[in-house]
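Top to bottom, those sequences are chains S and R. In short: position in the first sequence from 1, add 5, done, that's this note's numbering. In short: position in the second sequence from 1, add 90, done, that's this note's numbering.
Honestly, the hints are just simulated from the structure, not real lab data. Be careful, since some hints might not be right.
List of simulated lysine to aspartate or glutamate pairs, EDC-like, C-alpha gap at most 16 Å [to be verified]: (1) R:K235 to S:D720; (2) S:K127 to R:E119; (3) S:K21 to R:D212; (4) S:K127 to R:D109; (5) S:K21 to R:E173; (6) R:K235 to R:D212.
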Amino acid sequence: MGIEGVGARVARKEDKRFITGGGRYVDDMVVPGMKHAVFVRSPHAHAQIKKIDVKKAQAMPGVIGVLTGKELKADGIGNLICGWMIHSKDGTPMKMGAWSPLAVDKVRYVGDAVVIVVADSKGQARDAAEAVEITYKELKAVVDATKAIQPGAPQVHAEADNNLIFDWELGDGKATDAAIKSAAHVTRMKIVNNRLVPNAMEPRAALGHYDKAEDHYTCWTTSQNPHLARLVMSAFYNVAPENKLRVIAPDVGGGFGSKIYIYPEEIVCLWASKKTGVPVKWVADRTESFLSDAHGRDHVSTVEMAFDKENRITALKVDTIANLGAYMSLFSSCVPTYLYATLLSGQYNIPAIHANVRTVYTNTAPVDAYRGAGRPEATYVLERMMETAARELGVSPAELRRRNFITSFPHQTPVIMAYDAGDYNASLDAAMKAADYAGFTKRRADAAKQGKLRGIGMSCYIEACGLAPSSAVGSLGAGVGLWESAEVRVNAVGTIEVLTGSHSHGQGHETTFAQLVTQRFGVPIDSVSIVHGDTDKVQMGMGTYGSRSGAVGISAVAKALDKVEAKAKKIAAHLLEADEGDIVIENGEVKVAGTDKSLPWFQVALASYTAHNLPAGMEPGLKETAFYDPSNFTFPAGCYICEVEIDPETGLTEIIQFVAADDFGNIINPMIVEGQVHGGIAQGVGQALLEGAHYDANGQLLTASYMDYTMPRADDLPSFQVSTSNTPCPGNPLGIKGCGEAGAIGSPPAVINAITDALGVVDIAMPATPATVWATIRATKH
Amino acid sequence: MSDVSLTVNGRRVSGSAEDRTLLVHFLREHLGLTGTHVGCDTSQCGACVVHVDGRAVKSCTMLAAQASGSTVVTIEGLSDGAELHPVQAAFKEYHGLQCGFCTPGMIMTATDMIARHPQGLDEATVRAELDGNICRCTGYHNIVKAILAASETMAKGAKGKAKQAA
């Protein structure tokens, strides 16, 4: 490891622009002639559109255009799609209702976009939006998924009877039922995973620019995957063919899943730009983001876990109802299925598992992947069950977990996944040591003397990352492959550009990807630039989500570097009159091993471009492209321990300590990895203690600003103790597993296990706010 | 329309803006200083913090017209030239930022916080004082570390300067 190579804590290359105000986000973009858009959104959760009158709005000062869904449809713009086909257990395909970018006949959630207003200034557009007159006929709404599937509930889409999108299963139902029947002990729980709003700090934004002279569109958008956005907007929404559409995702202020999807607004801004003849920029305000960004989680599960006399798990049965909101967002169908049920074996040997998942339409914002995407829901189910089972069986939570850990690899679970490597005892040991688990009893007694309630909880999570082997996901219904691409360009002076299909929106790719190049060729990190986020610059790529950029994106870079290295060695061998096998590249020099013969790196690069003296038949240049398709998922895992102290008088929970011991495989930059874990834990603690999206019975979002939706703030959180104990991933060239989501996956059950331990109750609803905790204490006392 | 005259980052600027124009929009749209961000519109998130006459202010809470006649420092004007301000340097060194969107507001808040606590800061104070700034990426862990480190660096620098003066 050099000071800038793999494994070093290199300060981030990209930071300079962010700390000096030089970041370039979509809202910072200015195009000559640019105008501003405001969307008129439905104030009703469910209503028929009887009439739209735009005359008054059109006459307002500064207004350039007021456009409706009818015009959009007349121009052939397509409906939004869901890119993953799921079949119900009876073999029928999922029942997808139409989602028009601008609603035409019916609105289905508060925030559904109906009209776009374009004006000289945002203020004028806002004024005119208020003057658009829409006559609605209100319909009864349903927001709770468990109620939406009851007979007689309001029907969200005609296509889905009883609002049921699909009724899907995974695993062996008969074997599971039989094991439960003959079990020595069965733990049963109803487990609710609360609805969250992702809340990237940069609100979504889009700038659409139609260039009439070139008949060409450019879209600046807050996207985690600009190439996928271009593909979908071309192939399904008929905005423009791919060669006439450039999508740029510049600096993007956080995503957490919510910026994977192609939303109505970017499509409508592009179309409106052509329609009005001006570049059209839209930037969401925060309440608009709450209303219209895809939400996360919102599962209700009934769970049974069976044990034999030796406290070994014999079966797990899960029945889940997942709320998908008013429309099927881009990856909404795979989140509660293949990203959820496939992880229900956790870190444990479970011979029989059966999961049944019903997905349901409601009159709420669409629900899709949010940091962890299905895996936090699976982990929450399992780790709450393990805690409750340990208490029922009278064994320590650690002991029950240890007894059931998978200890030999590879391990085939009953729910598709084949775990390749891991050491679950190691992360449990590390976490218990760091948390001084043995000293907890004394700490609890000391706290009790002060009138405080202490509790400790653990969570042993596993996730599947490295999304994903293309043929595998294709066979499961994915509409795309999940490989990644990289191009490595060595310039004539030896500096290097890496063009990657991954997209960085906080993950630090400009540093970690460069560290790999520095490691390979020994060139200074400043001579390496990472290029991403622009479909005109970068070859097709699949973007960043599911903790895939380390395991898949960097593997593509490594593969391209292999090709560059091989060619550079050939050139050097030719120039130095040596055998190709004897050439080594290190510290910026290309050497013949065991001799003093060498060339500086830049001379090899220069020789490739002057092409005066290359091996016979070799093409000039030093630039290589690679596409990397993973052979398996990767399986990061770890153990989190949370210790809380509750004030019974106020219900306030203080996190005394939070310990994370993760196994991420090999690590390129520990500083960046730790930062990912910190952020993930904060979101998980937020889910457990503070955050919850709430609709009233009429479908009005009650938590639509930071005054109503509690974001974790600095004084809600402690400093975290994080460590890693790594088993390299055998599935990719660098042994990387991925680290982006672990914190959000592992932490909610650790927090709730600690709170229920402190209170002596079986369960408490998330978020366990002071009011909820206080009421629970009162209810328990009486 | 309102006439607005300000000193921003040491330069005198003036312009005319709709009465309802907020200071943050005047900075971003009229002056092109896009380092100051809008994250919430309701003065909760602090991405828009700038210094007005030496005090940290949420620039989405102030009309441009109200700020007329004031001296404003934004993230673009925090450092003098090529050298980073110690708070900026500490955010980089301690990995106190990820996506960078909340960062300008965090740094402007931190600079103000350190100035108001010349006796030094501890973790609990930093966390309490960050109540008006939301970050979704870092879990605040490294932001807190960066502010504590910058506070120490600046205190040492101030002592060094005091010694030199003596």
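Hint-by-hint comparison with the structure:
| no. | hint | in the structure |
| --- | --- | --- |
| 1 | R:K235 to S:D720 | holds, 14 Å |
| 2 | S:K127 to R:E119 | holds, 11 Å |
| 3 | S:K21 to R:D212 | violated, 27 Å |
| 4 | S:K127 to R:D109 | holds, 14 Å |
| 5 | S:K21 to R:E173 | holds, 11 Å |
| 6 | R:K235 to R:D212 | holds, 10 Å |
Hint 3 from the earlier list is the only one contradicted by this structure; the remaining hints agree with it.
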